[in-house]
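Q: Now for the letters of each chain:
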Amino acid sequence: MWKGFIKIGVTAILLMTVSMSNAHTFHVSVAQMKYNAQNRTLEIAIKLFTDDLEDALTTSFGNQGWHLATPRQLPAADKYVRNYLKPRFAIKQNNRTLSWNWIGAEYNMDAVWCYIEMYDFDHEADLEWKNIIFFEIFNDQKNIGHFDILDHDFSAYTTRKKRKQIIGYNK
Amino acid sequence: MSSFGMYFELGVMHILDLEGIDHLVFILAIAAPYRFIDWKKLIILVSAFTVGHSVTLALSAFDIVRINEDLVETLIPITLLITAMVNLGKTGQKLNMKLVYLLIFFFGLIHGLGFSNFFNALMSESSEVTSALFAFNLGIEVAQIMIVLIILIITELFNFFKPKSQKMRIIFLNGGVFFLALQMLFEALFTI
Chain A
1 MWKGFIKIGV TAILLMTVSM SNAHTFHVSV AQMKYNAQNR TLEIAIKLFT DDLEDALTTS
61 FGNQGWHLAT PRQLPAADKY VRNYLKPRFA IKQNNRTLSW NWIGAEYNMD AVWCYIEMYD
121 FDHEADLEWK NIIFFEIFND QKNIGHFDIL DHDFSAYTTR KKRKQIIGYN K
Chain B
1 MSSFGMYFEL GVMHILDLEG IDHLVFILAI AAPYRFIDWK KLIILVSAFT VGHSVTLALS
61 AFDIVRINED LVETLIPITL LITAMVNLGK TGQKLNMKLV YLLIFFFGLI HGLGFSNFFN
121 ALMSESSEVT SALFAFNLGI EVAQIMIVLI ILIITELFNF FKPKSQKMRI IFLNGGVFFL
181 ALQMLFEALF TI
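So the sequence lines, in the order shown, correspond to chains A and B. Residue numbering for the first sequence follows the working numbering, starting at 1 and increasing by one per position. Residue numbering for the second sequence follows the working numbering, starting at 1 and increasing by one per position.
No lab work stands behind these hints, which were simulated from the structure alone. Here a beta-carbon is modelled for each residue, glycine too, at the ideal position from N, C-alpha and C. Don't take every hint at face value.
As the list claims (entries may be wrong) - Between beta-carbon pairs, the in silico distance windows are:
(1) A:D78 x B:L149: 49 to 59 angstroms
(2) A:N108 x B:F134: 27 to 37 angstroms
(3) A:K92 x B:I21: 28 to 38 angstroms
Claimed, not checked - Each computed EDC-like pair below joins lysine to aspartate or glutamate, with the alpha-carbon atoms no more than 16 angstroms apart:
(4) B:K94 x B:E9
(5) A:K86 x A:E117
(6) A:K162 x B:E9
(7) A:K34 x B:E125
(8) A:K162 x B:D17
(9) A:K34 x A:E124
(10) A:K34 x A:D110
(11) A:K34 x A:D151
(12) A:K161 x B:D17
(13) A:K86 x A:D122
(14) A:K162 x A:E136
(15) A:K34 x A:D148
Chain A on its own, in the form it takes in the complex (with noise of 0.2 angstroms):
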């Protein structure tokens, strides 16, 4: 009777999940941070999973029918994501807070890559990074950085418990 029972229930369950939506169950992103000693910048590329980003970007700004890597992706979609963001992803050196600037994002069907610019990076000062995209949104999202400052490579990640992270060069 057991087995019978195992088999009807296994198949039943097996034919509502093929069945169901393909919503992703972890909640990461993954930014790469490289700093260019030519033009003293870090250039940073950060991915975002895409129906993540357009849930955080109606959170903050309302549903404005975002439909992100899509032809019918919202014209100011790009301005958006950069006011989204500004306020979540800094890094400060030597008690100051780098400036920003915004280069433009790549939107493809899972994943939407951010490129931004910061200037007047020390490579010798230790860094604060301070990463909280989508902590308003999810309880269990991590954010992974990695960073290649010459010949130092350094990772880490926040998570709502640690929302910053200090990168020394002497630990």
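Guided by the hints, dock chain B onto chain A, whose structure is given.
A: Relative to chain A, chain B alone:
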């Protein structure tokens, strides 16, 4: 932190993190029926699970297999339910160990797909997958061994104080696993 250190930490936290306790509960279910004297069986069981999940984690990390995430997240609580039912159904009797090893290996394959859902989210185009995968998997193993050791210590303490209640302990633990798994299954099915 080096990126190796970070992926290692993320691997450890992926098992120990209370936000998603499915893998932790599965390890509890695997180890629940055994004592220190059964260490050989436990080593084979944990290895079977490890080989299983390492295979699918690697296959998925290198994009050789790709399986619907929701399907995997639904199958994981089912592996917990079945493991708890096997342990409950045979309480006090001898299990057919070869069959159990095979089952846990098979379930390892499913959990590996679960690990890969998280691992793949961490990767970006410029990531070095191989070393990240190694560090992440190592983190998972370390966390797994820690949990097995903690469960064994609790089991032995229990045996010390209540030596005659073996059956009760197994029923208690697996009952807990069963109901947690049931809750996870409903969550996986209805929170999309």
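Q: Starting from the hint list further up, note which numbers the structure goes against and sort them upward.
A: Numbers 4, 10 and 13 - these are the hints that the structure violates, sorted from lowest upward.
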